[in-house]
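S.K.: In case you want the letters, here they are:
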Amino acid sequence: MTYKKKNQIKNGEKTRRDFLNILLSGGFIAWVGAVVYPLISYLRPPQVEVVKVNSVNIGKITDMDKDSGKIIKFGNDPVIVIKLSDGEFRAFSASCTHLDCIVQYRKDYGQIYCACHNGRYDLHGRNISGPPPAPLAKYEIAIKNDEVTVYKPSA
Amino acid sequence: MKETFNKKIYNALNERFQLDNLVSFLKHKSVPKYRNTIWYYFGGISLLLFIVQVATGILLIMYYKGSEDLAYESIKFINAKVSFGWLIRSIHSWSANLMILAVFVHMFSVYFLKAFRKPRELTWYTGVILLFLSMGFGFSGYLLPWDQLAFFATKVGTDIAGQLPFVGDFLLKLLRGGEDVTGATLSRFFGLHVALLPGVFVVFLSLHLIFIQRQGMSEPEDWKNKKESEKTTIPFFPNFTVHDLLIWLIVINILAILATFFPWELGPKADAFVSAPVGIKPEWYFLFMFQSLKYIPAKVWLIEGELLGILGFGLAGLLWVLVPFWDSKTPKGKRNKIINYVGIFAISFIIIFTILGYLLD
Amino acid sequence: MYKYIIYLFLSLIILNTSFAKTNNKINSRVIQQKADECLTCHFDNESNNNEPAHLFKQDIHFSKGIACAGCHGGDSSKDDMDEAMDKNKGYIGILSKEERYQVCVKCHSDPNKMKSFGSNIPTDQFEKLKGSIHFIKSVNAVTPIADCVTCHSVHNIASVKDPRSKVYPANVPSLCKSCHSNPTFMKQYNPSLPVDQYEKYRTSVHGKQNLKGDAKVAECVSCHGNHDILSVKNSKSPVYPSNVPQLCSTCHSDKNLMDKYKLPHDQYENYKGSIHGEALFVKQDLSAPACNDCHGNHGATPPGVESISNVCGTCHAFNAELFAKSPHKKAFDKLKYPECITCHSNHKIVHATDELLGVAKNSKCVQCHKNEPNDKGFMIAAEMKSLFDSLESADKISLDLLKSASQKGMDVSEADYSLKQIKQILIQARTITHLSDIKEFKDKMDEGFIITNKTKQAGLDAIDEFYFRRYGLGIATIIITFLVVLLYIKTKRIDKKK
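Chains as they are written, first to last, in this note's numbering: chain A, 1 to 155; chain B, 156 to 516; chain C, 517 to 1014.
Fair warning: there could be bad hints in the mix.
[As the list claims (entries may be wrong)] Simulated crosslink set (BS3-like; lysine-lysine; CA at most 25 Å straight-line): (1) A:152 / C:629; (2) B:454 / B:436; (3) B:424 / C:924; (4) C:703 / B:182; (5) B:182 / C:1012.
Keep in mind that the hints were calculated from the coordinates and are not lab data.
The shape of chain A in the complex, shown without the other chains (with noise of 0.2 Å):
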């Protein structure tokens, strides 16, 4: 009888206490996940406002040289202008098709060329040797009063 009871009472105090140490561990998960998720969330980079862009001015026709070419900033993207050997103004997306390298212009070939893997773009954008799949985009140019300025290509 005795036995009986003081059994009863061990195992009634080990679940009890089996109870609380589940209680405990469940309690203790909810509070790691409380300090967690805010740990998370920060630590995720927050969305950046991209500026919007229409319009690049990039100085004076003389800045540049004939047959030359730079990459400017438009906006987030790299934007590719040259001066052609007439002194034509032109510009590209200067993200290579391919694997969004930075591509140059090569004045040896006459070409838009991307070192990556050798990819190359004919002075339309278009590619015509190498990984690049698709024709770089065109940017649109103006110039006024000597100034060249970037447009983005109206939809």
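Chain A is already provided as a structure; the job is to place chains B and C on it using the hints.
M.R.: Frame of chain A; chains B and C shown alone:
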């Protein structure tokens, strides 16, 4: 099932790292249980708050930019754009203040319980160094948001350092990185706050903790003559640890409540050409010194009043630090009432001048 | 009585002696003037009517009995030249430029003397002249630009009411012109001052009437003053910008005078209440247009119906430019509607509100456009007005949301900042309404709607975030409290186990 799984892991680790030793060490470590046991928790609270500081500080560095042009904007960015950024920053600021408060309470409790006496002098010294380092953290961290209040508080604070004889000018330039508080000062303080101070702090904190583990908890004075069996103690593990955990949880909750309901403010951006804001004062833990300096006349004999005040505080601080040296009675088992009087004087001095600093502008 | 007899007797003797000494034939006037030997002699020696003695006989001073000696000094009773022109007797001869105005001042600044000649003209001319630009400015620091004789002439001075006088109203423009239209002369004093005032004046209604001999219309001195002419930059000058409306109103608000010309007389009252009048009088904004800025000053003429937008466009450039491109320009000119004035009125231009636009009863659009199926203007007016209303209310909604968010302690300064652009967009859109092109207008307004939508969202997000923080804290507190309670039970149990 679960138990056996936990056991398995424990056994596996035990095999490699001899955890049993550690457990038995912890189990044998005990904390005296009497009416002053409550004060024994403040060391732990300080430790927790330091850990919180390290964790939130690391998080803040991920977005903070320590330059004159970007510091303020990056804090604004953390506050407004980063999700939970406001929480991390507010917790960092609140926790910094609570940590200094906890360290103060810890120090005074150790002082009044005479826990600094032999053989724990080194624990006391490292503790005092940790207090000074904490204040250094507070002072350097206060400038980092680069808002107006921070800018002028730093200006005034470093000015006071510049008053020191002989080394003042050098110290001023060393702290400011130039003649004035500029971006150079910000860079220095940033480096101090996130590199130099943490490194030094960890060294002294480790020493402090190792000393405690080696020597065990200090027992009250009047237990010296008690027999082992008469001493009531509780084991450090698991009893005291669980109590500690309980208090830590409460402290963390208090931090979250403070951060949510009283988010730490960010004033207008610092501008060297704006007149100092009215009622400018330093952080509260420097306020009692700042305030008492105001009461010293401009000239006492041939010495400048402010300099006298600074030297006075320096001397008082030194005496305070060296208390294990000049307290010759306690180690001999006698009551040393002077210690208590000095302590009460120090506490009342700090409290009164802090209140004065807040009431009088 | 005895006294008078002696006077009579004495004068008879003087008359007798003078008769005795002059054997020449005697002009009837000379008798009145007593005997003026200077005049007699000079008159005889002169060859034509333009010489001093001849001229002087027409002079008002001569008729008042003032002899040559009155100005030139000497003794006019002596026929001997040496005696008459004796320097010891105060003979001056030809007056120098430095002192010639002083002879005039001798009498004209002395009220008693003037009264003794039976004249009641004012005596403050010299006081006024002294402060005037003609007197102050000088090339040689000694002689003024203009003194009395410059305008009033020398020997044939006549009353201002006498048409022969150089200062008679109809003669004034020619008088002033003699210097002010001479570039070489004017350059000495003010190289930047125009010299075309006379030309312009003659194109104005004032100038044309003046030429017909109308003495009532404004000529130079009516506006600039006579003796006390000040620079236009001097705030006391009647032609100083903020004084101009009152100046014009002296005639143009005079009902009796204006009725003669069949002109209205309420322009000044209207102008005073207008936005331009308020700017000029209350805000003391000297760049605000006074009468002359629209009507011209010397060439004052009401602008023609078709050129009104050019007049207003000198300041309201954008509005005028857009209006010129709008379909209204052509239609208004065809219908002889006075462009800007059609909607904004002329002298009483009040602050333009959005109420001018739209199809409500008091809007300007419905004065021409009717709610008919083929009246596109009616639809456009209605749409523009409703877009204005909705952008303004959207702006208010965003503003309120941001306000309540910031009262809750949330940082919405960025949205607050971008919302400030709405005001600018509204101003620009109000300008664009002058083009009456719904597409251009919508493009501008859409910029505003994008901002109000964004800021509204920012406000809502901030308020949501506020509650999210509170609820998040609540949940965390519940979890921690739960844990704390469990841990407390656990500690009790552990303590008990020992």
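S.K.: Does each hint fit the structure? Answer for all of them.
M.R.: Comparing the hints with the structure gives:
1. The hinted pair formed by residue 152 of chain A and residue 629 of chain C fails the criterion: a straight-line CA distance of about 89 Å is larger than 25 Å.
2. About 23 Å separates the Cα atoms of residue 454 of chain B and residue 436 of chain B, which keeps this hinted pair within 25 Å; it holds.
3. Taken as a hint, the residue 424 of chain B and residue 924 of chain C pair is honoured in the structure, with Cα atoms around 22 Å apart against an allowance of 25 Å.
4. Distance check on the hinted pair: residue 703 of chain C and residue 182 of chain B sit about 110 Å apart at the alpha-carbon level, beyond 25 Å; violated.
5. For the hint linking residue 182 of chain B to residue 1012 of chain C, the alpha-carbon distance of about 16 Å falls within 25 Å, and the restraint holds.
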